[in-house]
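Residue numbers (this note's numbering), protein chains in the order written: chain A, 1423 to 1562; chain B, 1423 to 1562; chain C, 1423 to 1562; chain D, 1423 to 1562.
Think of the hints as simulated: they come from the structure by calculation, not from any bench.
Bear in mind that the values here come from a model prediction, so they are computed numbers and not experimental data.
Fair warning: there could be bad hints in the mix.
Note that identical chains are pooled: a pair holds if it fits in a single copy or bridges any two copies.
With a Cα cut of at most 27 angstroms, we get these calculated DSSO-like pairs of lysine-lysine [unchecked claim]:
no., residue 1, residue 2
1, Lys1444, Lys1461
2, Lys1513, Lys1444
3, Lys1543, Lys1444
4, Lys1452, Lys1513
Protein chains: 4
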Amino acid sequence: MADQVVTLQQIRMIITSRPFHKWLGLDVVKVDNSGIEIKATWREEWVVHPEWRNTHGGILAALVDVAADYALCAKIGHPGPTIDLRVDYHKPAMPGDLIARGAVIRIGSQHSVAEAQVFDKDNALVASGRGVYFTALPKG
Amino acid sequence: MADQVVTLQQIRMIITSRPFHKWLGLDVVKVDNSGIEIKATWREEWVVHPEWRNTHGGILAALVDVAADYALCAKIGHPGPTIDLRVDYHKPAMPGDLIARGAVIRIGSQHSVAEAQVFDKDNALVASGRGVYFTALPKG
Amino acid sequence: MADQVVTLQQIRMIITSRPFHKWLGLDVVKVDNSGIEIKATWREEWVVHPEWRNTHGGILAALVDVAADYALCAKIGHPGPTIDLRVDYHKPAMPGDLIARGAVIRIGSQHSVAEAQVFDKDNALVASGRGVYFTALPKG
Amino acid sequence: MADQVVTLQQIRMIITSRPFHKWLGLDVVKVDNSGIEIKATWREEWVVHPEWRNTHGGILAALVDVAADYALCAKIGHPGPTIDLRVDYHKPAMPGDLIARGAVIRIGSQHSVAEAQVFDKDNALVASGRGVYFTALPKG
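In isolation and in its complexed conformation, chain A is listed as follows (with noise of 0.2 angstroms):
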């Protein structure tokens, strides 16, 4: 697997300048060769239901999808647009933070694969998936 070639801050800048990330409060926890861990910030909005209070599966959807970017950013310098994403929810993810843990699966030369897994404020695993990104270089 190749190295990481971007640093915790300057992925950390890249993520935070964008308006959805600034919204779901994410923030870089950790960036190494085995991949990145992101923490989203909580909010009253994610809630499905007003009564469970359980947080809506778009948010988790978005987080699988962002951390298996960025832990291909980290390992290729840009984050790719998504070609497709999988998410398997795994239990309801009640109110609190989330940390969101992407790996590399493979780097190709078009595309690349990576996956991510979500954890509640107590660790425990609320959902989990993959994506494939277009990671072609632009041509120029």
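Please build the complex by placing chains B, C and D on the supplied structure of chain A, with the hints as guidance.
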């Protein structure tokens, strides 16, 4: 395929009562035996890249999930927890309201499958996908 | 959607020339602008459980893959390597020939998405899914 | 994670009793708390293109499905029907025996998730994926 059992007014009431759906600015445009059509109201927080201004894939995943789940709801009377979700991204979704169309693929005794497409304001297909939902009736 | 560019005879020649397709007993039933219909000839080796005699999910996955890929082939003139494949299983496929119907979802400049359904001899939906294919023209 | 409850001999007996598994030339190499390793014996019928001689994606999908399902079997005592399957293809699998490694992601009360990788004879990753399985105990 089972007939629709929930009216547009009933499904609108369920959908719009949920905090994340309110944030997505969801409204039900249409519901009939062929499926459901849901509108999402664009917001600045959806933007990925401040210059390119494309909508984040997590938002599109959320819309696929909601449209697929409520296509099932229209047939069986309630939405079900998402078991897993798959989303293909077809082209960048630029600022503007989005339309998500959901349709049932198969209703099973334990879990059911539905699909959805997301269209931009020019009616171009920006994402599509499928979800599996736990739709067994609660015991008791 | 682009018009069909390959005739039934041409696509039958490509499909039936391939060893795995011969083993699956594939033949092209129909190809038109809406998609392709392929027949697979049941064989004893497909059985999972010797008593229940249901067909293995790997066979159904192969049929979803072939029907989706050749739906693209009918539009662009050649099949493409599968980037990824997603299959939902709806009910056990009991002994008997199977029909797989494929349709294009979107043709892109680099990769394309198509879907397929598999039906048993009583025309019941036993599996369905989607694949992403690398369909860029070779450089040269 | 639950401990392994099935021995290598027991799981070998289940796996090798099934017609499609026999055709795939499956044998269990190893089973422990971290997962299962299954070998598949290459056969000429797996070939897609008579000149390039790459293995069909349907065969790789079948191996992902088997390794994921029997990783669950090793923990819970029985395989479960596949609800859905997702496979990423990483590089062409050329003629030669294949190794599939399966591992459990999460065991649930109704359905469970497991993943698998497929390696060629040079130990290169050719495909990987995940499945959701119906693992609820039969009522009675």
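message: Need the list of violated hint numbers for this structure, in ascending order.
response: none
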